[in-house]
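Peer 1: Residue strings, one per chain:
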Amino acid sequence: MKFIKNHLMFILPLMAILLGIEFYLVFERTTNTYEKGLTEGYSMLVVTKDPVELSTFQALNKHISSSEKLKRDAIVSEVAKGVNKSTREAILTALPYFYNVGLDAYLHSSGLEKIKEDLETDPNIKKVETFGGSYDSSYKLFSFIKFTLKIFIVFMTIVSLFLIIKQMEIWKYAHKERMQVMEIFGAPMMLRSGVLFKVALIDAFFSTLLVSAIFFYLKFYWAGQSGINIMMENQEALFKMSDIGILFASSLLIVIIAVYSVVFSSKGVQE
Amino acid sequence: MSNVIHASHLTLAYGKGEKEVIKDANFSIKKGEFVFITGPSGSGKSTLLKALYGQLKPSEGSLVVGGLDLATIRQGKLQELRTHMGIIFQDYKLVNEWTVSKNVVLPLMIAGYSTEVQETQARRLLKHVKLSDYADRYPLELSGGEQQRVGVARALAKNPVVILADEPTGNLDDYSSNVIWDLMENACQQLDTTVLVVTHKIPTIFSLPYRHFIIESKGVYEVH
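Going line by line, the protein sequences match chains A and B.
Heads up: the first sequence begins at 3 in our numbering, then just goes up one per residue.
Heads up: the second sequence begins at 3 in our numbering, then just goes up one per residue.
So that you can see chain B by itself, here it is in the shape it has in the complex:
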């Protein structure tokens, strides 16, 4: 299987390289793998995720996602790469003035799909995350767990190559957390999507085989 993500001597830092968060990290993640990244608070988990969706450029080494090196990528290519990613945030990052349905089809809207396709897909995705009755509601009318399901539906909208999730269940109760984990497991299993989840705690009930990386003292280590 080909590598979807490959980091080689990767160093991530804020400012002009003054505040190193990750140093000389080497790892590869293949297509269809489910990966957990854990580590203590402030260890650089979210920073790594930011780098993976191109928000933070590597200060040294290379970070290749979908065949494109994020250290040297141009803005246009980065935009294109992001259209193949599904990103889930702890704070959901939904557009509050848009309906649930419009939030879900954002990736399709960006890709230029017709309104009919968007509507059909919105119905399918909302049914998938069990929010069919919420299509015309606004995010702030939903509970945290429901908002995160909208976030997952949005991430799945365009069958992404990779899903990046930053503490997706960090603000949720156990029931909502389990629903989210189920949805991500399904995406990985049924769509062969690579899923990379940053979390402080790996769920106890998890049926898929997964890889586990831990970030500690600026290094990224695989736990066997």
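Excised from the complex, chain A in its bound form:
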């Protein structure tokens, strides 16, 4: 019972940190997809006197990734219904050129303003409409969700780290005497810390295994049956095999830091 309790006291906080890391990875992947969707769905309207090539727009601002010229004939046919052919041609000649301009990233509204300013430096460009109002509210909501989750992950990590420090104190209490005696008789550090490393590595392995199992379950069983669209659409992003490597590497790093801290703080002979 004591054995299980000792392991759980390290496994649980380690799992909390790993869950935080995995949540972050999953969130980054799903929000990247969402961000991509928002970016693809967004375009600003640019009005020019003369036709403009994409390269000209890109020379003005590097975030511009596409430009689509709106058909002037279609616009004229809408605004000049019932007018004769010559008037229609006159309108067509006088009508400026309209472009839907797409961006390569999901930017903050200040980024949009900067693009607008850059474009307006060209005398050929008459007007730039960013539709900043609706864009800004989506961006703010999106950023808020991202920020909230990050804060939660950081908070969870800090609390878990405190629990790990507590467990390190218990380790120190349990292993200090043996490590000091071994040190007096000339044992190298790896031999002194061997037992502690073994315990910690087992905990790291089980923590990784449990967190991976949770996300494996979420991806292959829960997400498919949840009926939640966003989950079903992003099922692939929920867990990747490479995540196991990231989780195990993270837990190893935590374990190595924890064990070495205990070993170094146990140096010297107790009076």
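By construction, these hints were calculated from the structure, which means they are not laboratory data.
Watch out, some of these pointers could steer you wrong.
[Claimed, not checked] Under 7 Å between C-beta atoms, here's a sample of chain B residues computed to sit facing chain A:
hint, residue
1, 81
2, 89
3, 95
4, 211
Just so you know, even glycine gets a beta-carbon here, dropped at the ideal spot from N, CA and C.
Fit chain B to the supplied structure of chain A, relying on the hints for placement.
Peer 2: For chain B alone, coordinates are given in the frame of chain A:
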């Protein structure tokens, strides 16, 4: 005979040299000698012993043990040097979660000896300290005198060049104390091991010739 320990203008201090315990000490101890170091409480006996096993670096002068200057020794060399030492403590310093047998063979384990060698040596050493029946017991199941015999067996496990003992009989009754002194005398006599014992009282029954140093007013003086 060559010097196993040589101190030259040795100063030992705690902190950043603020609290000097031993100042400008000069002495040499040869191979196979039995040495007692006495002195009043707080005079620096245990501090000197700590310096001899590399736990406290000399703040001035040199302290050479087995040809290595402990003032400048690197960690790796210090570890190696310690494998040639047997150290006995007043409070035994046994690992309580290990069996008596495992405690005894700790120096052999550190040196990388095989399990068979360790087991054979454990039996031999425990027989030597008359604890053959206690191999599978744990230190806390033993009396103080028995625990100290385990400590002596551990110190002798790898035929050390030097045995350093800090008040080895400080917590023991007369019978147990005599057993410990006998074991250390034998080690000195039969294995030609240098034995350096810090004690507040030299035993009255002691058959070997020995040297006696006293620590007083920060100095280390030989008593003739």
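Peer 1: Quick one: which hint numbers does this structure break? Sort them smallest to largest.
Peer 2: Violated: hint 4 alone.
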